[in-house]
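Protein chains in written order, with full-length UniProt numbering: chain E, 1 to 326; chain W, 1 to 308; chain B, 1 to 320.
Worth flagging that the hints you see were computed from the coordinates, not collected in a lab. Using N, Cα and C, we set each Cβ at its ideal position, and we do this for glycine too. Heads up, a few of these hints could be off.
To be verified - According to the in silico footprint, chain B covers these stretches of chain W (three or more CB under 8 Å from chain B): (1) 238-248; (2) 268-277.
As the list claims (entries may be wrong) - Restricting the straight-line Cα-Cα distance to at most 25 Å, the calculated cross-link-like pairs of lysine-lysine (PhoX-like) are: (3) Lys-124/E to Lys-230/B; (4) Lys-158/B to Lys-19/E; (5) Lys-23/E to Lys-65/E; (6) Lys-294/E to Lys-323/E; (7) Lys-12/E to Lys-215/B; (8) Lys-93/B to Lys-65/E; (9) Lys-19/E to Lys-230/B; (10) Lys-26/W to Lys-19/E.
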Amino acid sequence: MSNNVLEVKNLKTYFYTDKGVVKAVDGVDFTIEYGKTLGIVGESGCGKSITSMSVLRLIPTPPGKIEDGEVIFEGRDLLKVSEKEIRSIRGNDISMIFQEPMTSLNPVFTVGDQIMEAIILHQKLSEEEARKKAIEMINLVNIPRADKIVDEYPHQLSGGMRQRVMIAMALACMPKLLIADEPTTALDVTIQAQVLEIMNDLKEKLNTAIMLITHDLGVIAEMADHVIVMYCGKVVEEAPVQELFDNPKHPYTQGLLNSKPSIVENKNRLESIRGTVPNPRLLPKGCYFNPRCKYAVDKCRQEQPTLEEITTGHKVSCFVACKEVE
Amino acid sequence: MDTKVIVEESQELQNITKEESVGPWKMVWLRFKKKKIALTGVIILIILVLSAVFAPFLTPYSPDEMNFSNVNAAPSRQNWMGTDNLGRDYFTRLLYGGRVSLMVGVISAFISVTLGSTIGGIAGFFGGRVDNILMRFAEIVMSFPFLPLAITISAVVGANVAPETKMYIVMMIIGCLSWPGLSRIVRGQILSLKEQEFVLAAKALGIPNYKIILKHLIPNTIGYIIVSAALSMANAIMAESGLSFLGLGVVPPTPTWGNMVQHARNLHVLRTRPWLWIPPGVAILLAVMSINLLGDGLRDAIDPKSNN
Amino acid sequence: MLRYLARRILHMIPVMIIISICIFTIIKLTPGSPVGLNLDPEMTAEQRQAEYERLGLHLPLPVQYVNWVGRSLNGDFGPSSLYNRPVSEIVPKYVWNSFKLNVLVFIFAFLLSVPIGIICAVKQYSFTDNFWTVFSLFGISMPSFFFGLLLIYFFAAKLGWFPISGMMTAGSNLTGMANVLDQLRHMILPATVLTIGSLASLVRYTRTSMLDIIKQDYIRTARSKGLTEKVVIYRHAFRNAMLPIVTLIGFWVPQLFSGAVILETVFNWPGIGQIMLNAINFRDYNLMMATLLLFAVLTLLGNLLADIGYAVVDPRIKVE
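Isolated chain E, as found in the complex (with noise of 0.2 Å):
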């Protein structure tokens, strides 16, 4: 049997809107192994929630489509099981923890009520063991008083505590794969901190995967075994973390390496990438990073680069730093 867990394979997610198509995803491929954390870091809009959402089928149709690829789960293909079977696989083998905790949470069950009803619809549990399982689970992310809390409605509780919940709430089922997405970033920073330790310890207590959606490099360092970085839909860099630190490749990954604050270095000036985001819908020829690149030659503008490997496990989407390579 493989090691991983999930194996995503030319993923392709596209949006029609009224003024043409957007291609969100298009054409991401990753694996994740079992117990380990993959980050997918990206700037917003690079199509790294999609990715996420995509896996489990909860991509809104229309406008989104999910247009080619295989998602395989422990030998099955996501995209072409049932609906039936996807929704016993939502929740239960893989389960979600989103960016919003605030609107997360439906505001008029109390938050007992909603962990349980994951654990009685996949775990068959009456209401009553359910009840107890859930006073557990909020026990395990750390919030006092849970037996009371679970009689609680998401207002009465604070942005820490209801992400507290969400955690509480996609790993009640011991999940096989955690997919969070930006979970940390609408709390204060001593909270990230907290609910960041809650989910590496979990990890190992459960031996859970997690596949770890942020635009914070501080995250990734903290939690990522392996990384991948997104650019306009499509993968520009994937590496293991220390490698992907140490020795970034891709123009876009550099400055975003550089764009981050570190006490290390004592550094006058951030740098950032000059330009934007380019619109989704009018994507620059050739390879996408190119009109913002300072590397950037002839052929980047004329041809989209694919990812090579360039030592083990460390690929790069990019003609400047294959060549380099070579």
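Put chains W and B on the given structure of chain E with help from the hints.
Relative to chain E, chains W and B alone:
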């Protein structure tokens, strides 16, 4: 070769600017244009308005011209919709009735939108006590169900008034009773706008209040006000027709679509002369429906996020 | 919850006082003899004065107002000059007639509109959705009196399926079941008009609020849990969509009653709306004041009902 790339790039840039630089009102029009059903509404409305405005050119009769030798006639070549009990040409009265009905609609809507947005705007902008008092006032006006109050006031105020001036009283009543809903919404919008970063930034920069109102608050609420102006015009036409049907709105000899339907309260007329009451009823239906279509279309075009 | 309720009711008192002052002022502004039309024109000046004094009409207006409120609170709304009986005897009977009609409409409109609105939202732009969108547009734009007349013309006058107007067959002394059926037969046309009118706006409203809800993040969360679409829609979305619908119902109930003023005239239905029109046409001041007051109280009760409903459905209200 390099120049070619630059040319291409600049073209791309132009494309981008072309798309992004369309002004907000142009954008509204472009979106509105796509809605066939809303355009149909506009066309019906234009036909109704034109036929009311150019009534004298569309008919050889005058609305009050009686002809006692030709009363209660059935539709014919001379009188397309027959004549009424005083021998007046009914088609002519329908056209002139449209004038009154549409005018009452426009002016009532104008009164109610002016009152509603001013009161709501003041309450939202100044907040505190002013807000409290104004919104209480709105709540009280809203606590009266519209129709019973309008009927009573019309009966009380209109008792000793000449029939010709009743029309203006009806406009006032409808306008002054239907503003509270809009005022509440405008207030809510102003309150939330006041908290938005760009307004806070303007305040922090010391920009005077009137400029903030003109530059930020009005442009951001005007779309909503325009939409509700359309919808309140539809409601006003509906209200006028109801009041006139009951005999408490615009009264004969001034014709309106509402008081023309009144003929059907006579069972004999209802049964035997449907041409006297069905056309004005259909006219009301068409007018209200086309304005509603226009309003819905505008709302979708102004705020594409709304669903309805 | 109880405290919330108490606060809401307390809040109503000043509004009610101002409303009663308004009503009193409006009626006092009415030109014509305040004693009513049935004053004997043969009366001498002294007799007239005596009548005025008997009715307390010689007192200053504020005193008259206080007297009126005092009597009203005791359930005494004075005599009706039109019906020659105490107002408090006439009104309940006619309110009951209106109530019968409106309850039927309320049940039908509510039971139909909520599921229809949900289906339209879930299957946006489907044939069903488009059908109901057009239907709603017609329903909202159709003047109720005209629609009523059309129904009378076709189904009563031409086809003879239903009675033309009234609440029961004149001169018949039906009892028991036969009487109920007879009244139902009279009710069908007016109830149809009112139901379709209400249905139009309720469907539209439910649809909009449901469309808004199914875009929320927590619906995505519910789906990501593996819940079936049915559970997502009817449990997670529906409870939230109920919030604005409950509010709407609060406004809708008084509207239903006041809208009946026109419809009761068209169908000659002996309800509160007809009484009110008669009171206005015959300058029956006591009856006018009582009916206006009744409508205002109904509106306030409707608002209160909406608030209570809201507090029941929305857990966020209780803590505030």
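Hints versus structure:
As drawn, the stretch 238-248 of chain W meets chain B at 6 residues by the rule of a beta-carbon pair under 8 Å; at three or more, the given contact holds. Under a criterion of three residues with beta carbons nearer than 8 Å to beta carbons of chain B, the stated coverage of the stretch 268-277 of chain W is upheld, 4 such residues being counted. About 19 Å separates the Cα atoms of Lys-124/E and Lys-230/B, which keeps this hinted pair within 25 Å; it holds. For the hint linking Lys-158/B to Lys-19/E, the alpha-carbon distance of about 54 Å lies beyond 25 Å, and the restraint is violated.
Simply put, Lys-23/E and Lys-65/E have alpha-carbon atoms about 10 Å apart, close enough for the 25 Å limit, and the pair holds. With a C-alpha separation of about 16 Å, the suggested pair Lys-294/E and Lys-323/E falls inside the 25 Å cut-off, and the hint holds. For the suggested pair Lys-12/E and Lys-215/B, the alpha carbons sit about 23 Å apart, so the restraint of at most 25 Å is met. A hinted pair counts as satisfied when its Cα atoms are at most 25 Å apart, and Lys-93/B with Lys-65/E does not qualify at roughly 62 Å.
For the hint linking Lys-19/E to Lys-230/B, the alpha-carbon distance of about 33 Å lies beyond 25 Å, and the restraint is violated. Between Lys-26/W and Lys-19/E the alpha-carbon distance is near 16 Å, which keeps this suggested pair within the 25 Å criterion.
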